[in-house]
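Sequence lines, in order, name chains A and B. Per my numbering, residue 127 is the first one in the first sequence, and the count goes up by one each step. Per my numbering, residue 163 is the first one in the second sequence, and the count goes up by one each step.
Please note that a few of the clues may not be correct.
Said to hold, decoys possible - Ranges of calculated distance between the beta carbons of each label pair, as one might list FRET restraints:
(1) B/246 - A/395: 23 to 31 Å
(2) A/355 - B/256: 27 to 35 Å
(3) A/393 - B/163: 17 to 25 Å
(4) B/170 - A/282: 35 to 43 Å
(5) A/157 - B/192: 22 to 30 Å
(6) B/226 - A/196: 36 to 44 Å
(7) B/226 - A/128: 36 to 44 Å
(8) B/236 - A/334: 35 to 43 Å
(9) A/153 - B/192: 52 to 60 Å
(10) A/426 - B/255: 44 to 52 Å
(11) B/256 - A/426: 37 to 45 Å
(12) A/357 - B/211: 55 to 63 Å
(13) B/170 - A/385: 46 to 54 Å
The hints are simulated quantities; they were obtained by calculation from the structure and are not laboratory data. Bear in mind that the values here come from a model prediction, so they are computed numbers and not experimental data. For every residue, glycine included, the Cβ atom is placed at its ideal position computed from N, Cα and C.
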Amino acid sequence: MEFIDYYKILELDKSASQANIKKAYRKLARKYHPDLNPSDKSAQARFQQINEANEVLSDPEKRKKYDKHGKDWQQAEQFEQAQRQQQQQYGRGFGSGGQQSYSGNFDNDTFSDFFEQMFGGGARSKGSGRSPQYKGQDFNAELQLNLSDVFTSKKQTLTVNRKNIRITIPAGVENGQTIKIKGYGGSGIQGGPKGDLLITFNIVNDIKFKREKENLYTTVDVDFYTAILGGEITIDTFTGKVKLNVKPETQPGTQIKLKGKGFPKYKKEGQFGDLYITYQIKMPTNLNTREKELFQELQKLRS
Amino acid sequence: MNLNDLIAIDELCIRYKVEYTFIRSLSESGLIEMIRLEQTEYLHCDKISEFEKMHRLYHDLNINMEGLEAIQHLLEKLKELQKSNLQLQNRLNLYE
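Build out the structure end to end from the sequences listed, making use of the hints.
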């Protein structure tokens, strides 16, 4: 476990006064507060570090201990642990400071292992200076699914905070989309409403089609002679094979649309997007002498 | 409207230890929407996260009401940009 330099996190030197610590903390909290940096995980992680640094440096007792042991904290820890056990035998637990720390409906209570090791799990300040909460905490979760999994609505059981929750994932959900499941977050405080569960989907494309919203896109090879003379080809759609008539003199890159053969429209049951097919003309190779002669004849006719 | 989904403003004042004038100011600035039913004012429970956010910014970060309005405006813009960015990223997959 690595040593954490709390002074560096708050951009302070070791002689910083309590007023300077408070000032530095406020300045950085305004910059990295999760309410001001939505969906920014790096800002949230930084904010947690800032909160933790403040927790230690603004509490004279914790700061003293931190300053005393510094980088040698691991060696000192064994000695401290023995001391703590001794203190507990005499009924004197580790006190918590009354410093201010910012709160929010986000996971800012995750302190580092370094903090937990050095100060113990119960060492963080509770309540004092924090915004009161009434509504339960919102839980954020990420769910990775294959694109083929979201072609139809399906029920899935998720485990959130050791509780199994059965949810319906609507067909057509998009990559990066977040859905809110009301009331599946943390319990409300003193009769307050429950928090919500927010699930963000990470959709991995496991099919041969590309997708944009409810439309699918693919490229199909058409042989040279069918492209010139026209004909019938069979192509794959997401739901099965389809026969297509290729018009004579079809040009490379021609795009056609198969209406309703795309992906399901989100929360519009029975409605589908379209499948766009781009023709890629496959030119003949390894021509024999006779074929070359015929092409030369054609060329003469055109020139 | 289901009454169970509404939280009385008086209740909010007690739970969050705030003055009624603070909630009134948030409402007047358009930052939250208060609902009046038979002389009682309420906040819809779906909007409580927004209220909590404003409360944190105001009380924890010492941002005044004008600052909250500016922040809310910028956050809405940021949300739109993030949404548009995601759509563009998803669209970019078509060309990869």
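Hint check results:
no., hint, verdict
1, B/246 - A/395: 23 to 31 Å, "holds, 27 Å"
2, A/355 - B/256: 27 to 35 Å, "holds, 31 Å"
3, A/393 - B/163: 17 to 25 Å, "holds, 23 Å"
4, B/170 - A/282: 35 to 43 Å, "holds, 37 Å"
5, A/157 - B/192: 22 to 30 Å, "holds, 26 Å"
6, B/226 - A/196: 36 to 44 Å, "holds, 40 Å"
7, B/226 - A/128: 36 to 44 Å, "holds, 40 Å"
8, B/236 - A/334: 35 to 43 Å, "holds, 42 Å"
9, A/153 - B/192: 52 to 60 Å, "violated, 29 Å"
10, A/426 - B/255: 44 to 52 Å, "holds, 46 Å"
11, B/256 - A/426: 37 to 45 Å, "holds, 42 Å"
12, A/357 - B/211: 55 to 63 Å, "holds, 60 Å"
13, B/170 - A/385: 46 to 54 Å, "holds, 52 Å"
When held up to the earlier numbered hints, the structure conflicts with hint 9 and nothing else.
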